[in-house]
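As given, the protein sequences belong to chains A and B, one line each in that order. In terms of this note's numbering, the numbers along the first sequence are unbroken and rise by one, the last being 388. In terms of this note's numbering, the numbers along the second sequence are unbroken and rise by one, the last being 779.
Incorrect hints may appear among the rest.
Unchecked claim - Not the full set, but computed from the structure, chain B residues with beta-carbon under 10 Å of chain A: (1) Arg462; (2) Val659; (3) Pro663; (4) Gln768.
Treat the hints as calculated values from the structure; they're not laboratory data. Every residue gets a Cβ at the ideal spot worked out from N, C-alpha and C, and that includes glycine.
The lines below spell out each chain.
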Amino acid sequence: MDFTFDSEQNDLREAVRGLLERSYGDGEQRRKVAASDPGFDEETWARMAEMGLLGLPFAEEHGGMGAGPIEVAVVAEEIGRVLAPEPFVEAVVLAGGLVAAVGTDEQKSEVLAGIAEGTTLAAFAHAEPGTRWSPSASAVTATPSPNDRDGDGWRLTGTKEPVPNGARADVLVVSAVVDGGTALFLVRGDAEGLTRTGYRTSDGGRAAHVRFDGTPAEVLGADAGDRTADVERAQALARIAYAAEAIGVMDTALRTTAEYLKTRRQFGVTLSRFQALTFRAADMYVSLELARSTALWASMVADAGGDVVAAADRARLQTSRAGRHIGKEAIQLHGGIGVTAEYTVGHHTSRLTAIDHLLGDGDWAADRLARTVTRYETVDPLGAPYTG
Amino acid sequence: MRLQLSPELSAFREEMRTFFTTEVPQDIRDTVAARRHLSRDDYVRSQRILNAAGLAVPHWPVEWGGRDWTPLQRHIWREEMQLACVPEPLAFNTSMIGPVLAAFGSQEQKERFLPATANIDIWWCQGFSEPDAGSDLASLRTTAVRDGDDWVVNGQKTWTTLGQYADWIFCLVRTDPLAEKKQRGISMLVFPMDSPGVTLRPIELIDGSREVNEVFFEDVRVPSEFLVGEENRGWDYAKFLLGNERVGIARIGFTKRLLAQAKGYAQEVTVAGRPLAEDPRMAARIAEVENELVALELTALRVVAHSADGRPHPASSVLKLRGSELQQAATELVVDIAGPLSVTSFADGGSEVPEWARVATPEYLNYRKVSIYGGSNEVQRTIIAGTILGL
Chain A
1 MDFTFDSEQN DLREAVRGLL ERSYGDGEQR RKVAASDPGF DEETWARMAE MGLLGLPFAE
61 EHGGMGAGPI EVAVVAEEIG RVLAPEPFVE AVVLAGGLVA AVGTDEQKSE VLAGIAEGTT
121 LAAFAHAEPG TRWSPSASAV TATPSPNDRD GDGWRLTGTK EPVPNGARAD VLVVSAVVDG
181 GTALFLVRGD AEGLTRTGYR TSDGGRAAHV RFDGTPAEVL GADAGDRTAD VERAQALARI
241 AYAAEAIGVM DTALRTTAEY LKTRRQFGVT LSRFQALTFR AADMYVSLEL ARSTALWASM
301 VADAGGDVVA AADRARLQTS RAGRHIGKEA IQLHGGIGVT AEYTVGHHTS RLTAIDHLLG
361 DGDWAADRLA RTVTRYETVD PLGAPYTG
Chain B
389 MRLQLSPELS AFREEMRTFF TTEVPQDIRD TVAARRHLSR DDYVRSQRIL NAAGLAVPHW
449 PVEWGGRDWT PLQRHIWREE MQLACVPEPL AFNTSMIGPV LAAFGSQEQK ERFLPATANI
509 DIWWCQGFSE PDAGSDLASL RTTAVRDGDD WVVNGQKTWT TLGQYADWIF CLVRTDPLAE
569 KKQRGISMLV FPMDSPGVTL RPIELIDGSR EVNEVFFEDV RVPSEFLVGE ENRGWDYAKF
629 LLGNERVGIA RIGFTKRLLA QAKGYAQEVT VAGRPLAEDP RMAARIAEVE NELVALELTA
689 LRVVAHSADG RPHPASSVLK LRGSELQQAA TELVVDIAGP LSVTSFADGG SEVPEWARVA
749 TPEYLNYRKV SIYGGSNEVQ RTIIAGTILG L
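Construct all of the structure, not just a fragment, from the sequences and the given hints.
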């Protein structure tokens, strides 16, 4: 058992930090980038591709770096630290992760190589209005269309929303209802019958309403079999990456808050003289460190080939509770400045709120853990099923 | 980054588990599992078995019975002990005065006291807190005045846990009332509890237990050879001791076991024809406490894995703070599972209420102490805000 990063992982962290701090060292640059489409900086994205980050978890034979969940967590945490708006978790870990998990060799070679090079932005079109956090689809239906694509084409009909980066994406990974469950499909951004309406999200990112009207689609993988378990697993890996991103966001929110308490003066003294405030900052630290331990652990479980779904639920629950605690207190301890768009800390809270709701919130994770909680006596985080 | 324990540590854990579950008498472990009070004899029997196997004071210097284990090994030793319902070696002996004597005592003191302390031939109690010196310990007023070869002690201590069983007391006394800083005028003395002038008065707690006491000193004569270390350096020794006291105070193994028991109790209680354990709110509450406990255990592992150089990891204050809160959360959970049965604490022969439900409320009430002792949680917050956040 070892909770330390090796030197390569530390080098990776330093390199990513250097790159992102050049782009987002002050909050102003992020605000500018968020103000116009696509909501992230294409140039930074291209640099991330050059550095190998956009192919980090993919196999080398498909243009990736062949790295694991711990390296993914390192990058995600650095993204969170400066609130970089680049959609690393959404496009690489989740959408790319599904292609890597399910795709044919041909699909992997083409799509993953494009993602890794930064020439293909992928998005997972899965959420549907009126449902929440299901691993299966219900609002988009797939029907075979033998006249398309050498006789094995499909057509999709229905609506997905919100689709993160759905308007800008070059390729959509779409979950859709087939006989016998939920299958996955690839839809090109220029496909006929595809209508995308993008908008700004609460945290300054972008999402879209995506309508499919008999839109031609290619099955992801060898056949249109049920992929619910693959979606569940890919989302679990994305939840673990989000946990790391949230740690980065919370870490900065706490450090910013502590710094503010040390410098802001009221009643003739710095705010750090008021125990009512410093104790609350101490509690934020407690929340952060407990969440950090769980997030680190979950990435280690994924790395060890353990039960990622259960580990992701634990990380989701812990980072959700910590994120709400730290996000709300960071603003409150700042006072009015914390609610302004000009100051950084409110944007951290906004991002934490988005992360908390995209793939399942704390109550949702607690409910899933509760279903099995009486079937075992104790949890051994260093033992089965987490060690694979 | 690696999740699994090394094969050596896995074997170590297995060795500990096997020893604790097979060598410590079942009746003692049953008493702990049922959360009944242990007798003095239970503590002594259990610790002597551990000591004979080299498992009572592994953290002491090797020449006095220590094992030169890593912090992670010690963590595993303690957790396995708690999971197996083995009483931990008496903290006053093994975590408090033992390490102080080993570090600062004279050679004569070491030889006289350390083997007897490890084997609990001497039962120690702690004379630190006073009615007007709690978290502000340095304000203590018990005095020791030099008279020939003796110190003469007058004053009062309080919260002296299990003082009724104790043979000796280690005591902070004011030896220089004129010192510029109040911390500089304090010394540490040790003396027998049956010295003339020592009186013990039990304090009854809200659960009906009598585990803490007031101790009064009236012209107690202590030979000068029972001064620990140097005169007026007692505050340094106390800080050293309190640092050790906080090690293992999170009691994760204890909470883990209690939570496992709570799951069983929730199966026994029926609500509208279904086990309470199947109630979604109850199940979610158990899951939340359990997840917090997993987070705490992982944090403890991070701390012990990275404090090999002897300096505590900055997150260690989190362990005391959150560890005590989770012990309290688990005891509260058991009271809530017991529901109306939780008021039956003093029922005996004629009652059908299971024992776990009878002890639930006394334990819950008694455990309010854990966020107070060992540096109250407010002291821990002060440490976190000051030393970690720089506030």
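Looking back at the numbered hints, which does the structure fail to meet, lowest number first? 1, 2
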